[in-house]
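Throw the hints in and build the complete structure from the sequences for me.
Number of protein chains: 4
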Amino acid sequence: MKISHSFDSGAIEVLSLDNPEDIRLRLRADNAAEFRQWFHFRVQGAAGRSLRMVFENASAAAYPDGWPEYRCVASYDRRNWFRVAATRYEDGQLIVEHTPEHGSVYYAYFEPYSYERHLDLVGWAETSPFAHVDSVGSTIEGRELDRIVVGREAPAHRPVWIIARQHPGETMAEWFIEGLLERLLDAADPVARRIRERAVLYIVPNMNPDGAIHGNLRTNAAGRNLNREWRTPDEQASPEVFHVRNAMEATGCELFLDIHGDEALPYVFFSTAEEVPGFTAESAARQARLVAALSAASPDFQTEHGYKPGRFGEELLTLASKWVAHRFGCVSLTLEMPFKDNANMPDGRTGWSSARSKRLGAAMLNAILAHLEGN
Amino acid sequence: MKISHSFDSGAIEVLSLDNPEDIRLRLRADNAAEFRQWFHFRVQGAAGRSLRMVFENASAAAYPDGWPEYRCVASYDRRNWFRVAATRYEDGQLIVEHTPEHGSVYYAYFEPYSYERHLDLVGWAETSPFAHVDSVGSTIEGRELDRIVVGREAPAHRPVWIIARQHPGETMAEWFIEGLLERLLDAADPVARRIRERAVLYIVPNMNPDGAIHGNLRTNAAGRNLNREWRTPDEQASPEVFHVRNAMEATGCELFLDIHGDEALPYVFFSTAEEVPGFTAESAARQARLVAALSAASPDFQTEHGYKPGRFGEELLTLASKWVAHRFGCVSLTLEMPFKDNANMPDGRTGWSSARSKRLGAAMLNAILAHLEGN
Amino acid sequence: MKISHSFDSGAIEVLSLDNPEDIRLRLRADNAAEFRQWFHFRVQGAAGRSLRMVFENASAAAYPDGWPEYRCVASYDRRNWFRVAATRYEDGQLIVEHTPEHGSVYYAYFEPYSYERHLDLVGWAETSPFAHVDSVGSTIEGRELDRIVVGREAPAHRPVWIIARQHPGETMAEWFIEGLLERLLDAADPVARRIRERAVLYIVPNMNPDGAIHGNLRTNAAGRNLNREWRTPDEQASPEVFHVRNAMEATGCELFLDIHGDEALPYVFFSTAEEVPGFTAESAARQARLVAALSAASPDFQTEHGYKPGRFGEELLTLASKWVAHRFGCVSLTLEMPFKDNANMPDGRTGWSSARSKRLGAAMLNAILAHLEGN
Amino acid sequence: MKISHSFDSGAIEVLSLDNPEDIRLRLRADNAAEFRQWFHFRVQGAAGRSLRMVFENASAAAYPDGWPEYRCVASYDRRNWFRVAATRYEDGQLIVEHTPEHGSVYYAYFEPYSYERHLDLVGWAETSPFAHVDSVGSTIEGRELDRIVVGREAPAHRPVWIIARQHPGETMAEWFIEGLLERLLDAADPVARRIRERAVLYIVPNMNPDGAIHGNLRTNAAGRNLNREWRTPDEQASPEVFHVRNAMEATGCELFLDIHGDEALPYVFFSTAEEVPGFTAESAARQARLVAALSAASPDFQTEHGYKPGRFGEELLTLASKWVAHRFGCVSLTLEMPFKDNANMPDGRTGWSSARSKRLGAAMLNAILAHLEGN
Ligand SMILES: [Ca+2]
Ligand SMILES: [Ca+2]
Ligand SMILES: [Ca+2]
Ligand SMILES: [Ca+2]
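So the sequence lines, in the order shown, correspond to chains A, B, C and D. The first sequence maps to residues 1 to 375 in UniProt numbering. The second sequence maps to residues 1 to 375 in UniProt numbering. The third sequence maps to residues 1 to 375 in UniProt numbering. The fourth sequence maps to residues 1 to 375 in UniProt numbering.
These are computed hints drawn from the structure, not numbers from a lab. It is possible that part of the hints are untrue.
Said to hold, decoys possible - Examples of chain D residues toward chain A, derived with CB under 8 angstroms:
#1 Y76
#2 D77
#3 T127
#4 I140
#5 R143
Claimed, not checked - Residues from chain C that keep clear of chain B, each with C-beta distances beyond 10 angstroms, as calculated:
#6 V54
#7 S59
#8 Y115
#9 G123
#10 R158
#11 A237
#12 F242
#13 E274
#14 L316
#15 H326
Remember, it's a predicted structure, so these values are computed and weren't measured experimentally. No residue lacks a Cβ here, since even glycine has one placed at the ideal position from N, Cα and C.
Below you can see the structure in the form of structure tokens.
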């Protein structure tokens, strides 16, 4: 039996593999920071054997609240992922019990989204008649910050920015983008067509490709949490934000969506902009319209559960959507999807999943169109 | 050069093929009635030749108003269909000018939907965990009236009926059903999931398979316009309505949608139930909610253009959606899609199309859910 | 519970449906001849019920030897077909016992190949850069005899003719053509490329579309067994042969393959040309080379089992491949595939199948190339 | 305009990007050795601009003979690759002139095959009923040496080993494996079925995943040319060979194929085992049978052009197929495919390609079966 993790977003520390019924693991920290929660590894040679995997340092994860009710995802072929029912959080340890049906099985915190798939997504968009691709800048490790531009730049076309995966372990964010793009580039979809007529969309499917490949949870290659860098991005340490912020200054921004996953809450929700200085009644009305439209478009979305006011304290304007709301005075939201499941519509087999993230991305277009047609 | 039409829904009369630049054609009548407008035929041996096809009796079509602004659809491979720009209605004749790129080309009034595809659709639904199939009865020529039942029959599950293609030449209606079903049977779509939890859907994708195979525009094998048979269906002459009406009596009906195409109007619209005796303010409110939800879900849908009040006169309660509104007091609507294009969102290449019909079918689920959650 | 057959190639007579455990059926004769063996029907309303279907007149089938060891094919979705193990021939009756898992199930003599699929195949070939399509003539019922021409007509390009499905119930013959064509039109396959450089192929995927739609076993709409018409085809009664024979005279023929199914023998084999007058040692050598190449390319093919000499008696030169051998002095063969299984490589789940027929069609290209390179 | 290469197998050095018409590049060396020839990079921001890229140190490549007649491969979407006609070798420099149609374009020495695709291939095989996967050992950087085992281990089942991509830049070798596997795991293919009945196949699709990810041409992470390590593999420096050799000792070997690409020769050929000490007349006969069978199965393969005798000199038994021939006395061959094109069947658009490599892999099964049935 062996465990490997030398692949895109692979992350685990193996303490002991001696006993299949007591495999001792540790969550690995981000490559340059102390955040830890993401894991992704492959077990070989255990077909038909009853495995018990103990993540000893689960309580030291960035979000220990992420473990209760959480179930590990697993796959044999890397395409079909399912939840491992026998996952539990006990005495500060995460314990996963599973008997693999095949000799090679992958376990992960959530369904991975590799950089190769990212480049395939971008390449596919590039050849669409409705989009083109450019690079907003380079990451610390020399990867491109791919930006997919949909629609034509024209005076009447309003600038919409959508970014995802500032936190690289939140892979559901890029699955969301994939679903959104597949609909947005559909020649026959009327919502997509109307949006393409009224807006130009700047979409950054992966704000943090370095961190994603490293299997980081929250930070880039320099250990920076990008979603705390928006007030004063550093060209060296957080170039991802530095360059995207500059690009936004160049185009302006009339709607901003920042796509995330939340470790703890089993719901899909927005983190909204009420606390941002300068948020007006008109801001509230515009924000409410988009929120209502998403509610109508997707029952997976809800507004009852979400972050408590004051959660971000002093850091508020260092967050992307808050900074943008403040800077551009536009509707600016952070979308959060669960790592666990949507407790309002639970799915025992998959929990929250890549497929559901993609459907939500597609549904978001209805909300974007409602926004564009509202003013 | 030759023209053939001995295939599913093939229909044309060839008067003269002597001169490729003056091909003389006639629209063929339904097999047992005098309606004519549908055509579907194949031309062979004309690659690279400039064809001019004249439909001499276009003014005798059921809806001569269908010809202005109409453009013929064409395909080489029967999968990719495009509009022939040089289509015009002149002096009571429909004239189509086209230079085929290949030796075999199909022309049709609209993208066909064959009985084989119908059976494949039904077979696919049959193997879904969310659906099963039964037969409501048999047609005059011994075909089954396939009914796809989605969701479980349970006291709390409200009965929704959706029927399509009473008028067999309105193939967009079955494309619509295909799009609706693909979404409705999706395990990950939250709108579909919610609907499956709250309703049981009885879907008849093709009310008139006999007429469809014959290439009829409006009638069944006995020459009956099924959408004028709902008050007094005849077991012999209009068994399709007879059996479906009985099945509705057995299940009850809490929402009814009848899917159609309209030859003349270049818009997607509902024919609503205001004129039905017994239509109340509450009926109006419920109807309005569904209409508003579809407006929000699909920009291809609109409410400005539609039928004039009084259009159906004495026949009103012989129409499916009117009869159902009257009998069950539920929201009951006829959806009309264009044969031409949606003038609000024209597409020069395809006009209104199978793909757009499918997207509309998918969007209808949002409206159905709004209806189910409204009461 | 009900049985229907009003669809492409549907064929059965229902004597009694009263008792699911004793359903009484009869094989239906061809539309204008007394041959019977093909069946294809749909049972509805029998999910989970144990069915026993008795074909009372099985002993009156064209080939009663076809029943021992035969197993009925079945499908729920018309794409995935499987064999019904509990099929037996007893006291002159064919008995099929099956408990369907779904409410709609199809049973057939072999996996059907519909005219719609035929037109799709032809349409797909039409848009290949390596092929074009024309019509050799029309059938009695006005269908086109589609001919797919692969490769360019040029002096150095040798004319190869491949025809299939003279006997319409032998659907494996058109599946074979589909497999052959998919490889032959592949831009990357070197065998296909070499063939396209050296030959022009005239492929008639379905010699008998009228009979196929009728669900006939052996004859066209006029009741003629086309494979007994080659010496003196009749323009009215066997136009399919009449026109193809004329077309062969126009192009010449340097290799001829006629694709069939055999009801009785559980093997893939050729009916060869030794008995044809004028068959020389050189003919034998050329024939042997192609046969050896097919043996090497496909283990499903064998040469041990086949027809006894003298089988066709006086009729010999009325058969396609014999007449062609005689007329053109070229390698000319009839390929036979089993309705049952290949006893040398049995597959309990599928028996002989569409998939295996397609693989054999692909493998035949190796044999064709060996032939072309041999001289 | 910018150039990036921070992705799987990315490799280039950029000297100057100032002038699109005179972009100065250098081939990068393997990560721990001085071999260089592979390149793979992305150009952004050059849509519609006429690029001239000069690889200044092309003459210092491992195989300068690889450049005459070579044409660079390019792609916009990473799926469809084409050759850049305006590629030439001049004064020791490789010059590529191209005007990209899109804003993002990839150039490479040959169509890449990523580690992600590798893991997907292995995952797909894992879930086949005919195969399972294990790890033979780990690479220097902790990747698994995936071995796909096809067929059952049984006394009568002969052990066949197929390895690929010892030289990581020879991506055509893994495309070959993909084509071979797709056919080998096909339930309906008779050649695959016969092989699975008679042999157990041990397939290592990528012997050198570390080198592959690094974008190396010839060596592993420690700079070792694995195909010179077979006599005395080093557990630390060439664990890939060390472990596979041990695994072969455990299973025995009755047929060995090592899949490669050749930079210089524009042909598909075998490097055979005549020079191996102990090669007998019987060895020659068995080898000749397999070679003949491949000739029959694939016109892309030929025996006229190949390596000169004595090419490997003293190193002979350090090469995989030579060492295996010597050790196991079995048929043991190195297959070479071109980086350029097959001069016998040139394709102006693609040259030698992934698709053609896959077809060759599929055709190899005929040769393997001929081998298995020969003794
Ligand atoms: Ca986050
Ligand atoms: Ca209508
Ligand atoms: Ca036959
Ligand atoms: Ca090599």
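Here is what the structure says about each hint:
1. With its C-beta approaching chain A no nearer than about 5 angstroms, Y76 of chain D sits inside the 8 angstroms limit, and its interface hint holds.
2. Satisfaction of the interface hint for D77 of chain D is found here, the shortest Cβ-Cβ separation to chain A being roughly 4 angstroms, below the 8 angstroms cut-off.
3. Taking 8 angstroms as the C-beta contact cut-off toward chain A, the hint placing T127 of chain D at the interface holds, the least distance being around 5 angstroms.
4. This hint is violated: I140 of chain D has a C-beta 10 angstroms from the nearest C-beta of chain A, more than the 8 angstroms allowed.
5. Of the supplied interface hints, the one on R143 of chain D holds, with its beta-carbon coming within about 5 angstroms of a beta-carbon of chain A, less than 8 angstroms.
6. Its beta-carbon lying about 22 angstroms from the closest one in chain B, V54 of chain C satisfies the requirement of being farther than 10 angstroms from that chain.
7. The beta carbon of S59 of chain C sits about 27 angstroms from the closest Cβ of chain B, which is more than 10 angstroms, so the claim that it is off the interface holds.
8. Residue placement check: Y115 of chain C does not keep its beta carbon more than 10 angstroms from all beta carbons of chain B (closest about 6 angstroms).
9. For G123 of chain C, the shortest C-beta to C-beta distance to chain B comes to about 4 angstroms, within the 10 angstroms cut-off, and the non-interface label is violated.
10. The Cβ of R158 of chain C lies farther than 10 angstroms from every Cβ of chain B, with a closest approach of about 22 angstroms, so its non-interface assignment holds.
11. No Cβ of chain B approaches the Cβ of A237 of chain C within 10 angstroms, the least distance being about 18 angstroms, so the stated non-interface status holds.
12. The Cβ of F242 of chain C lies farther than 10 angstroms from every Cβ of chain B, with a closest approach of about 16 angstroms, so its non-interface assignment holds.
13. At roughly 39 angstroms, the least C-beta separation between E274 of chain C and chain B is larger than 10 angstroms, which holds for a residue marked as non-interface.
14. With 10 angstroms as the threshold on Cβ separation, the claim that L316 of chain C sits away from chain B holds: the shortest Cβ distance comes to roughly 33 angstroms.
15. For H326 of chain C, the non-interface assignment is confirmed: its Cβ lies about 31 angstroms from the closest Cβ of chain B, beyond the 10 angstroms cut-off.
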